[in-house]
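J.: Please build the complex by placing chain S with the ligands on the supplied structure of chain E, with the hints as guidance.
Single-letter residue listing:
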Amino acid sequence: MMLIPCPHCGPRNETEFAYGGQAHVSYPEDPHALDDAAWARHLFYRENPKGLFAERWVHSAGCRRWFNAVRNTITYEVQSVEPIGPRPPGGRPAESTTSEGGHA
Amino acid sequence: MAVPPPEHPEFLWRNPEPKSSYDVVIVGGGGHGLTTAYYLAAHHGITNVAVVERGWLAGGNMARNTAIIRSNYLWDESAAIYEQSLKLWEQLPEELDYDFLFSQRGVLNLAHTLGDVRESRRRVEANRLNGVDAEWLTPEEVEEVCPIINTGDDIRYPIMGATYQPRAGIAKHDHVAWALARRCDELGVDLIQNCEVTGFVKDGERVVGVETTQGRIHAGKVGLAAAGHSSQVAEMAGVQLPIQSHPLQALVSELFEPVHPTVVMSNHVHVYVSQAHKGELVLGAGIDQYVGYGQRGGFHVIEDQMAAAVELFPMFGRAHVLRTWGGVVDTTLDASPIISKTPVDQLYVNCGWGTGGFKGTPASGMTFAHTIAHDEPHPLNVPFSLERFETGFLIDEHGAAGVAH
Ligand SMILES: Cc1cc2nc3c(=O)[nH]c(=O)nc-3n(C[C@H](O)[C@H](O)[C@H](O)COP(=O)(O)OP(=O)(O)OC[C@H]3O[C@@H](n4cnc5c(N)ncnc54)[C@H](O)[C@@H]3O)c2cc1C
Ligand SMILES: [Zn+2]
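As they're listed, the protein sequences go chains E and S. For what it's worth, my numbering labels the leading residue of the first sequence as 65, then goes sequentially. For what it's worth, my numbering labels the leading residue of the second sequence as 7, then goes sequentially.
Hints were generated in silico from the structure; no laboratory data involved. Predicted, not measured: the structure shown is a model, and the values here were computed from it. Just to be clear, a hint being listed does not mean it is correct.
[To be verified] Sample of chain S residues at the chain E side, in silico, Cβ under 8 Å:
no., residue
1, S26
2, Q97
3, P248
4, Q250
5, G298
6, Y299
7, G304
8, F305
9, H306
10, L339
11, D402
12, H404
[Stated by the list, open to error] Simulated coverage check for chain S against chain E, where a stretch passes if three residues somewhere in it have a Cβ under 8 Å from a Cβ of chain E:
no., segment
13, 233 to 245
14, 383 to 397
For glycine and all other residues, C-beta sits at the position ideal for the given N, C-alpha and C.
So that you can see chain E by itself, here it is in the shape it has in the complex (with noise of 0.2 Å):
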């Protein structure tokens, strides 16, 4: 069972969470100009790396709110959270705020 340190209410057991994939995967600006292989690429092609990910959880049993997370997949460790917002938390995952900077 993962610890998961929620930003708005600090560590939480995983089983209160729910998991929702790769972080900040926007919707098409312009969905009329993509082709089939584009539409292909934004529905079922998602990053799925060994090592650290920037991904999406929901506290649904607690604040029931989304959030990033930056997680190693091998260790599951998480390496940091913050709230939700634009700034793509994978951009460089390494750098990004520390769980306890997070909980702000």
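T.: Okay, now just chain S with the ligands, sitting in the frame of chain E:
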């Protein structure tokens, strides 16, 4: 049941040094890599083949699965390939001259809600139209097949009936790998362990070899069968795959006298149980929700599946968990595999079997070998191409593949 497994000789295959070049290199020495090499050599006359494996043969999901074999999938495309696989399972022990304890003891897929009942009955009808043996059983009939199951209505989710596939069953997965490895070796295939693929050699848009921890190996064609690590391997060749890798766990109890005559699966309460030949109860459930490569998952998943098992089988209440373990399964969004050519010439991919690829091992190898040998798919794997994610012809098997198996 309770039959001792057959003795096997000390060595079943050579451990050769890799040659500098092969007609075909298969990446991944699990069940799918081994069957692919077997069908290439035995059915297509292509024997200059190497299977390169990062660890040891069958050290991945092949010897971590719960060994359930069945073909009662919903859609025509799936029924066709899984039923072909079941037919191959029925002939492989003789073909490979190896008794790997394939036991057709049947599978019950339980229904606990009206929705389950409707979906299950629909699946039975679909199965029958596709020549898959399937029946709908009432709770009384369920009890006849499996007397130890609780069909009472005093539980949270009483059993409202079940689908039954009598030809389904289990096999001893490590022995299946050994049977295949021995025959591949006899046919001239080089099985190369401790040999990780670290890159690809390309000539323009065409793959011509692999870089490995044992040096460069030239290849006419390369087939990927790396299961949970398919994304990583394909990415080194510049190919993206619509795969998410998740932990999937299973567990066994201590050994008991034979008490459980069949395989029982429940999507709704999320557990499945069989009893292995040696006597241990084998239990599994669903994937852990997150992407993970740790070959381990959360204990709460195991607690939940135990709770479900004990409610369905009250007599298991005093059994003990002996061992738990996990594998890394390669899931797709439609819960169906990918057996396909790729955008890179002479590079082929076989992945996405997720939680249920053991049963598919023979047909996976058969169709993948055909795809590699002819540079075009076998009729059975045409629908399972990478293009389906673009055309929208998805093969949604979440119902039939709902509980991991
Ligand atoms: C707990 C659990 C229970 C399951 N239960 C069932 C079940 O009851 N019924 C069922 O049908 N299916 C089941 N499955 C699924 C089934 O095990 C898999 O779908 C199937 O084994 C995958 O194919 P494989 O045997 O070739 O995979 P693997 O045995 O995982 O083979 C892939 C191989 O590729 C190797 N590899 C990876 N990267 C590299 C590299 N860079 N270079 C060289 N080699 C590499 C790996 O080391 C590995 O040995 C279960 C899986 C798990 C984990
Ligand atoms: Zn919270």
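J.: A separate judgement is required for each hint: does it hold in the structure or not?
T.: Hints, verified against the model:
1. The beta carbon of S26 of chain S is not positioned within 8 Å of any beta carbon in chain E (closest approach about 29 Å), and the interface hint is therefore violated.
2. Because the smallest distance between the Cβ of Q97 of chain S and any Cβ of chain E comes to about 36 Å, over 8 Å, the interface hint for this residue is violated.
3. A cut of 8 Å between beta carbons decides the hint on P248 of chain S: the least distance to chain E is about 4 Å, and the hint holds.
4. Interface restraint check: Q250 of chain S against chain E, minimum CB-CB distance 5 Å, threshold 8 Å, status holds.
5. For G298 of chain S, the suggested interface contact is upheld, since its CB lies about 5 Å from the closest CB of chain E, less than 8 Å.
6. Interface hint at Y299 of chain S: satisfied, since its Cβ lies 5 Å from the closest Cβ of chain E, which is below the 8 Å cut-off.
7. Because the closest C-beta pair between G304 of chain S and chain E is about 5 Å apart, less than 8 Å, the hint holds.
8. Checking F305 of chain S against chain E: minimum C-beta separation of about 6 Å stays under 8 Å; hint holds.
9. Look at H306 of chain S: its Cβ gets to within about 5 Å of chain E, closer than 8 Å, so that hint holds up.
10. A distance limit of 8 Å between C-beta atoms decides the matter here; for L339 of chain S the minimum to chain E is near 5 Å, and the interface restraint holds.
11. With 8 Å as the threshold, the beta carbon of D402 of chain S stays out of range of chain E, its nearest partner Cβ sitting at about 12 Å, so the hint is violated.
12. Here the hint on H404 of chain S is broken, as its CB sits about 14 Å from the closest CB of chain E, past 8 Å.
13. Using a Cβ-Cβ cut-off of 8 Å, 3 residues of the segment 233 to 245 of chain S lie near chain E, which meets the minimum of three, so the contact claim holds.
14. For the segment 383 to 397 of chain S, the stated coverage by chain E is satisfied: 3 residues place a CB nearer than 8 Å to a CB of that chain, which reaches the threshold of 3.
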